[in-house]
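The listed protein sequences derive, respectively, from chains A and B. Residues 1 to 253 (the working numbering) are what the first sequence spells out, left to right. Residues 1001 to 1310 (the working numbering) are what the second sequence spells out, left to right.
Think of the hints as simulated: they come from the structure by calculation, not from any bench. In this text, all values refer to a predicted model and were calculated from it rather than measured experimentally. Note that the Cβ used here is the ideal one computed from N, Cα and C, for glycine as well. One or more of the hints may lead you astray.
[Said to hold, decoys possible] One-sided excerpt, in silico: chain A residues whose CB lies under 8 Å from chain B:
| no. | residue |
| --- | --- |
| 1 | ILE52 |
| 2 | PRO55 |
| 3 | ARG57 |
| 4 | LEU70 |
| 5 | VAL101 |
| 6 | MET115 |
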Amino acid sequence: MPFLSVRNLSKSFGGVHAVQDVTFAVDQGTVYSVIGPNGAGKTTLFNLVTGIYTPTRGEIHLDGEHVGGLAPHELAGLGVARTFQNLQVCMNMSAMENVMVGAHLHLDRSMLKAMLRLPTLSARESALREEAAELMRFVGLDRYLDASADAMPYGALKRLELARALAAKPRLLFLDEPAAGLNPKETGLIDELVRRIASTGVTVVLVEHDMKLVMNLSHYILVLDYGKKIAEGTAEEVRNNPEVISAYLGAEV
Amino acid sequence: MSRSSRIGLLIVIAVLAVLPFVLPNAYYLDVAIRMCINAIVVLSLNMLIGFAGQISLGHAGFLGIGAYASAVLPTHYGWPPIAALGAGAAVSGLLALLVARPIFALRGHYLAMATLGLGIILAMIFRNETAFTGGPDGIAVPSLGLFGYELTTEKQWYWLIAAMLVASIWATLNLVDSPFGRALRALHGSEVASQAVGVNIWHYKVAVFVLSALGASVMGSVTAHYVGFVTPNIADFFHSIELVTMVVVGGMASVFGSLVGAVLLTGLPQALARFEGWETVVFGAILMLTMIFMPKGLVPTLTARLRRGD
C-alpha cells in the first residue's frame, strides 16, 4: 500500500477548477515531485494535501488513514510537515526559536507548568535548544545560531523553514519550491539536503520549477497542467512524454 | 529566561525594595502602587496584544467585572473578599471563554470592533444596574482581609502589590520563553506556518484571551479593595485605551516594556494634573508619536539601539 494516496482530488474556487480529478500515490521513503507550468495547480494541490484547503471532491489517505479535510495542525500530528513557496518565517522570533516551534507537538505545552518554570520543563528546553542548533547546522545555518529571523537573507530563510519542518520529525515532508530564488550553489545545497532527508526514511513530496533539481532528485514525477494530471512516471518517462513537451511548449525538459 | 531578563528582574526587585524608603510621602507611595497595579494588567494584556498579536479594546470590562464582584458580593451578600475575587475571576474567565469562539473568527479591525463592543456592553451594565452597582455614583468596597490580616496601611498594600508584580513579571518571562509562549509568538508571526507545525491556533488565541481576562479581573478586584470605592469609570472605554496605550508605548511583546509603559503613563497624568482635562489629548499625542517614531515601543527600540551601539 502506498504511504500517501490521493484519489480523484478536485478543488474549485467559484468557477475556477484549480485542481481537477488528480490521482497519484507516493511510496514511503521516496522523493516524489510535482511539476507543471505556472498556474498548473501545484501549490493548490499542496494546500489540499496539507489541510490548508478543503477538497471539493476526492479522497486523501495517509498510511491507510483517511485524512481529507483535516486541519493543518491535525495533519501535523500525523507526521506531515511542510515549507512554503512564499516564506512563512516568524520574523518576530529568533532563528532558533523558529526551529524550536517546529518541535511543538513533541513538547509539554502546559501553560501553568511553563509559568512556574518547573525543572523538568527547563531541562527539556535546554535539550531542545541543542536539537534546534543541530538541525540548523544540518541545513547549513551555523552562522545564524544567534540571529534574529528578520536579519537573515532569503536563501538562509528558505533553509530555516526546512529546519523548522524537520524539527517536527515528519514522516511526510512537503517542500513547496525549495529552490525558488536561490543561486546554483544554494540549489546544490538543497539537492544534497533533500537526498539526506529522504535517506533517513522521510517521504518527500516536492513542487519545483528547477528542472535539473527535479530530474536529479525524484524517484517519481507528476506533471500537472491546467489543474489536470497529464503525465506521471520516472524522470526518463516524463522527459519523453509528448504531452509534457507540448505543455512546456518546447521548454527543455 | 535569558541573562538580560534575569538582570532586569533583579533591578526591578531592587527598585521595588528601596522605593518605600526613599519616597517622601504617602502620595508618592499611592502613585507607585497604582503604577504596579497597572503594570500587572499591562503585562497580561501584552501577552494578548504584543505576543499573540490579537487586539482587545475592551479589556477594562474585565477589570470592571473583578472590581464589581469585589464590591457587590461582600456588600450585598456578605461574601468574604477573597471568594468574591475568585468569583469575579471565574465570571471573567468564563465570559472570555464564551465570547472567544465568535470573536476569534475575526481578525484585525473586526476583532478590535468586537472587543470594543464587549467592553462597552460591560461598562453599560455597571452604569445602569443601579440596584447592585450604585450606578454612576459608584459603590464602596470593604477592606481586604487576607488570612485574618486586614490590609490597612499604604505600606502593607505596597508590599502586597510589589510582590504580585514581581511574581507576574517572573511568570510572564517564564511563559514567553516556553513551548506555550513560542506557540503564541509563532501564530503572531505566521498563522499558517504555526498551524503547519501543529499549533492549534484557535486554542492558543482562546487560552491567552482567557488568561489576560483573568489577570485584568484579579487586578480589578485588587484595585477596588485598595481604592475602597468603584465607579463605572474602571470599565470605561477610555480606560481600555489607556491600557492599550501603555502596551504600545512600552513596547509590544516586551515584558519590561509593559512595566515602562505602565509607569510612564500612570505617572504622566499625575504630572499633568494641573492641565485638567488635557491629559486625554496628551495621551493621544503620545500614542500617535510612538506609532510614528517608535512603532516597536520604547523598550524594544532602545534596547535595539543599545545593541547596535556595542
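What hint numbers does the structure not satisfy?
-> Violated: hints 2, 3, 4.
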